[in-house]
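**Q** Residue strings, one per chain:
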Amino acid sequence: MTHKQQILAAARGGKLDKLPFGARIDVWYNYHSAHGTLPDKYQGWSQTDILRDQGAGAQARFFAVTREEYRDMEVVETNDPPYITTEYHTPFGNVAKKELFDSSEGPWIRYEMEKLFKSEKDYPVLKYVMEHTEPADNFEAFNKLREEVGEDGMVMTAAGGLWSPVQRVMREIIGYEQFFYELADRPARVEELIEAVKDLERRKLQVGIECDLEIFNICANWSDDIQTPVFRRYFVPWFQEVSEFLHSYGRLVMAHTDGEMRRLNPLFRETGIDIAEAITPAPQTLVSMREFREQLGDEVTIWGGIPSILFEPMYNDDDFDNYIKNMFREMAPGYRFIVGMGDNLPFDGDINRVGRVVELIDKYGRLPIEV
Amino acid sequence: MADFSLIAQALDQGDRDKTVALTEAALGSGANPQEIIAQGLQAGMAAVGEKFSSGEYFLPDMLMAARAMKAALEVLAPALEQTGIPTIGKVVIGTVEGDMHDIGKNVVATFLSGNGFEVFDLGLNVPAQKFIDEVKEKKADILGMSALLTTTMPVMGRVIKGLEEAGLRSSVKVVVGGAPVTQDYANYIGADGYAHDGGRAVPVCRELIGK
Ligand code: B1M
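Residue numbers (numbering that gives the first Met the number 0), protein chains in the order written: chain A, 0 to 370; chain B, 0 to 210.
Calculated directly from the structure, the hints in this document are not laboratory data. Since the structure is predicted, the reported quantities are computational estimates derived from the model, not experimental observations. Some clues are possibly wrong.
Some chain B residues flagged as far from chain A (calculated, every beta-carbon gap over 12 Å) [said to hold, decoys possible]:
id, residue
1, ARG15
2, SER28
3, ASP60
4, LEU62
5, ALA78
6, VAL106
7, PRO126
8, GLU163
9, ALA178
10, ASP191
If you anchor each label on the Cβ, the simulated ranges turn out as follows [stated by the list, open to error]:
id, chain 1, residue 1, chain 2, residue 2, range
11, A, TYR180, B, ASN31, 28 to 38 Å
12, B, ALA24, A, GLU68, 24 to 34 Å
13, A, PRO186, B, GLY166, 50 to 60 Å
14, A, VAL370, B, ILE84, 20 to 30 Å
15, A, TYR180, B, SER28, 28 to 38 Å
16, B, ALA24, A, GLN177, 38 to 48 Å
17, B, THR86, A, PRO332, 37 to 47 Å
18, B, ALA70, A, GLU191, 21 to 31 Å
19, A, ARG202, B, LYS210, 54 to 64 Å
For lysine-lysine, the following DSS-like pairs were computed, each having C-alpha atoms within a straight-line distance of at most 27 Å [stated by the list, open to error]:
id, chain 1, residue 1, chain 2, residue 2
20, A, LYS117, A, LYS97
21, B, LYS69, A, LYS114
22, B, LYS69, B, LYS210
23, B, LYS89, B, LYS210
24, A, LYS120, B, LYS69
25, A, LYS120, B, LYS89
26, A, LYS143, A, LYS120
27, B, LYS69, B, LYS137
28, A, LYS97, B, LYS17
29, A, LYS324, A, LYS14
30, B, LYS89, B, LYS137
31, B, LYS160, B, LYS129
32, A, LYS324, A, LYS17
33, B, LYS89, A, LYS117
34, A, LYS324, A, LYS362
35, B, LYS69, B, LYS160
36, B, LYS138, A, LYS117
37, A, LYS114, A, LYS143
Note that the Cβ used here is the ideal one computed from N, Cα and C, for glycine as well.
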């Protein structure tokens, strides 16, 4: 079986003879490519080729299979490196955000210095922006990457936003702290905005479903700072709706659950999501892999298990090996489990430890794992 | 005689309007503003912190309480003009260089100031030398550093070394935190304290300066 087949089989509950492994190294790769510091052997190589050389399945990342187009408003982007300012001019008024984007350090996520939301008067403008944003397909770019990865792994992507609608409002549009103040002071306005973002997301799903991707990532970056009652009230029904929609087309549903999950784990099973990806256990969080398995249940596929701090020089090879061996035992018998990173190889991590995981799987990851 | 426990309760519930109204009433009835702070507001914040650390409360509960506290302190500000707002210590805090994560640091800063510390927030992506200069200038009791990336964690160790070289290490306690940071790591770089979350940051800082 190819890496891709193994990953998909595990996620569909198939019985494999050994643990599949989908490794993610883009943070490490982007940083070292930008600085010209990739190991000599790998100078000029692609991420996928490096992973092939290490013997691991690839977990490549692509933003989304749709992109946004705008109608009946003017969107002006001003690039003044390292800042990018985006202004939305609508009949209801204007909103703007200012982002810092410095890819020289490798990371590709923009940091928002200024959020779109500034005050109560922005609500109608933001609603207008969401209502007049139209999704268009972005399949060509996605398919190009998918071809490059081929059978050697999976390209993880979303139909629309990286985050689910509520998180988009919370983290991107209003900002974390202000979101909770707004939710306390003006719940109806926040809910109205969430509905507008949901509606846009539904339209993206309608476009995205035409793409034949097997797994849809429907929400990145879960962690306990998403307050549990807020999660129960606003996130869970949305996940249920989207999971039902995607399942009706035979697709698998994934969430990027990369943070401290101690308090969200019990709610995961209510969402209908099939795969909890980037699972990051102790010592980076407070939850062990055994607890993850117990709390998420046997029907959910867990993808992850190696916290990124383990790739750091602070942990020597023996620590690393012992951790992995023990982690496999905690996951016994090992079905519905894809070995992966929580969530990436860090900049100063050792790439050869990816190959080390492959060797450890060969020795200790034969299924079923017996304790 | 004002009932300070009601103020503490309102704050515990994150009810800004009620906290402000009760603070105004207490002040109007002649209560000592310092006592309103210590027995009402700070007592309420301490309860919130404990409930957060024990898992009863969530992060936003702390934020709501801190917001209520801030509003109440504004009510008290004119009455405190002579004496100033009583502080239990000075904290210089920031997210280390190369790191653009500030949500956790903001929560910790908000919570420390809500609990009576005077906080100087240097923001994010703070160069090591800036931490050292500010510790010196502000005569800080505590330096708080936050790092969310495994790759920026070592910067905290470098700042500690810099404090030693500048002859400031013995005059300031260093507290570190952030998702990938652990107690072991804090020990490894020679920090004085580590807090897993914003609720723990307050007692850790208090213990370190004996307050
Ligand atoms: C002084 O004493 C103290 C005491 C206690 C202290 C303390 C100080 N500081 C914190 N605490 C403690 O108290 C707080 C309150 O209880 C807690 O603070 P926390 O900060 O832990 O908790 C906050 C309240 C909530 N948590 C957060 O705010 C972090 C959430 C996650 C989702 C996250 C976010 C939001 C962001 N990110 Co980034 N991000 C992730 C996180 C993954 C996750 N799901 O958790 C993490 C931290 N990010 C990561 C990465 C890799 C990155 N991020 C990046 C960017 C970003 C955004 C800008 C998009 C955004 C930050 C926005 C902002 N203004 O802060 C990039 C780096 C940019 C940079 N140079 O810093 C980029 C490299 C991604 C990329 N490819 O570009 C990962 C770090 C992995 C690692 N091992 O190093 C990460 C764990 C995700 C992952 N699973 O891989 C405690 O830790």
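**Q** Could you run down the list of hints and mark each one as holding or not?
**A** Evaluation of the provided hints:
1. The claim that ARG15/B is not at the interface with chain A is violated, since a C-beta of that chain comes within 12 Å of its own (minimum 8 Å).
2. Even its closest Cβ contact with chain A, about 28 Å, leaves SER28/B beyond 12 Å, as expected for a residue assigned away from the interface.
3. Distance check for ASP60/B against chain A: the nearest CB is about 8 Å away, which does not clear 12 Å, and the non-interface claim fails.
4. A Cβ of chain A approaches the Cβ of LEU62/B within 12 Å, the least distance being about 6 Å, so the stated non-interface status is violated.
5. The claim that ALA78/B is not at the interface with chain A holds, since no C-beta of that chain comes within 12 Å of its own (minimum 26 Å).
6. The claim that VAL106/B lies off the interface is violated: its Cβ sits roughly 8 Å from the closest Cβ of chain A, which falls inside the 12 Å cut-off.
7. Distance check for PRO126/B against chain A: the nearest CB is about 15 Å away, which clears 12 Å, and the non-interface claim stands.
8. The claim that GLU163/B is not at the interface with chain A holds, since no C-beta of that chain comes within 12 Å of its own (minimum 21 Å).
9. Under the 12 Å C-beta cut-off, the non-interface status given to ALA178/B relative to chain A is violated; the minimum distance is some 7 Å.
10. The claim that ASP191/B is not at the interface with chain A holds, since no C-beta of that chain comes within 12 Å of its own (minimum 20 Å).
11. Distance hint for TYR180/A and ASN31/B: a CB-CB separation of about 30 Å, consistent with the stated range 28 to 38 Å.
12. At about 56 Å, the beta-carbon gap between ALA24/B and GLU68/A misses the expected band of 24 to 34 Å.
13. Taking the beta carbon of each, PRO186/A and GLY166/B are about 53 Å apart, inside 50 to 60 Å as hinted.
14. Hint check: VAL370/A to ILE84/B, Cβ distance near 58 Å, so the stated range 20 to 30 Å is violated.
15. Restraint check, TYR180/A to SER28/B: a C-beta distance of roughly 30 Å satisfies the suggested window 28 to 38 Å.
16. About 29 Å separates the C-beta atoms of ALA24/B and GLN177/A, a value inconsistent with the hinted range of 38 to 48 Å.
17. The hinted range of 37 to 47 Å is not satisfied by THR86/B and PRO332/A, whose Cβ atoms lie roughly 57 Å apart.
18. A hinted range of 21 to 31 Å holds for the C-beta pair ALA70/B and GLU191/A, which are about 26 Å apart.
19. Range check, ARG202/A to LYS210/B: Cβ separation about 56 Å, and the 54 to 64 Å hint holds.
20. Among the hinted pairs, LYS117/A with LYS97/A is consistent with the structure: their alpha-carbon atoms are about 12 Å apart, no more than 27 Å.
21. Restraint check: the Cα-Cα separation between LYS69/B and LYS114/A comes to about 23 Å, which is no more than 27 Å; the hinted pair holds.
22. Of the pairs offered as hints, the one joining LYS69/B and LYS210/B holds, with about 21 Å between alpha carbons and a cut-off of 27 Å not exceeded.
23. Between LYS89/B and LYS210/B the CA atoms are separated by roughly 12 Å; this keeps the pair inside 27 Å, and the hint holds.
24. Restraint check for LYS120/A and LYS69/B: the C-alpha separation of about 24 Å stays at or below 27 Å, so the hint holds.
25. Simply put, LYS120/A and LYS89/B have alpha-carbon atoms about 37 Å apart, too far for the 27 Å limit, and the pair is violated.
26. Annotation: proposed proximity of LYS143/A to LYS120/A is violated, straight-line Cα distance about 42 Å (limit 27 Å).
27. For the hint linking LYS69/B to LYS137/B, the alpha-carbon distance of about 22 Å falls within 27 Å, and the restraint holds.
28. A C-alpha spacing of about 36 Å is found between LYS97/A and LYS17/B, which places the hinted pair above 27 Å, so the restraint is violated.
29. The hinted pair formed by LYS324/A and LYS14/A meets the criterion: a straight-line CA distance of about 20 Å does not exceed 27 Å.
30. Among the hinted pairs, LYS89/B with LYS137/B is consistent with the structure: their alpha-carbon atoms are about 8 Å apart, no more than 27 Å.
31. Distance hint between LYS160/B and LYS129/B is fulfilled; the C-alpha atoms sit about 14 Å from each other, no more than 27 Å.
32. Taking the CA atoms of LYS324/A and LYS17/A, the gap is about 14 Å. The hint holds against a cut of 27 Å.
33. This hinted pair does not check out: LYS89/B and LYS117/A have alpha carbons roughly 31 Å apart, beyond 27 Å.
34. Straight-line distance between C-alpha atoms of LYS324/A and LYS362/A comes to about 9 Å, which keeps the hinted pair within the 27 Å bound.
35. For the proposed pair LYS69/B and LYS160/B, the alpha carbon gap of about 35 Å is over 27 Å, so the pair is violated.
36. A C-alpha spacing of about 35 Å is found between LYS138/B and LYS117/A, which places the hinted pair above 27 Å, so the restraint is violated.
37. For the proposed pair LYS114/A and LYS143/A, the alpha carbon gap of about 33 Å is over 27 Å, so the pair is violated.
Hint violations for this structure: numbers 1, 3, 4, 6, 9, 12, 14, 16, 17, 25, 26, 28, 33, 35, 36, 37, all remaining hints satisfied.
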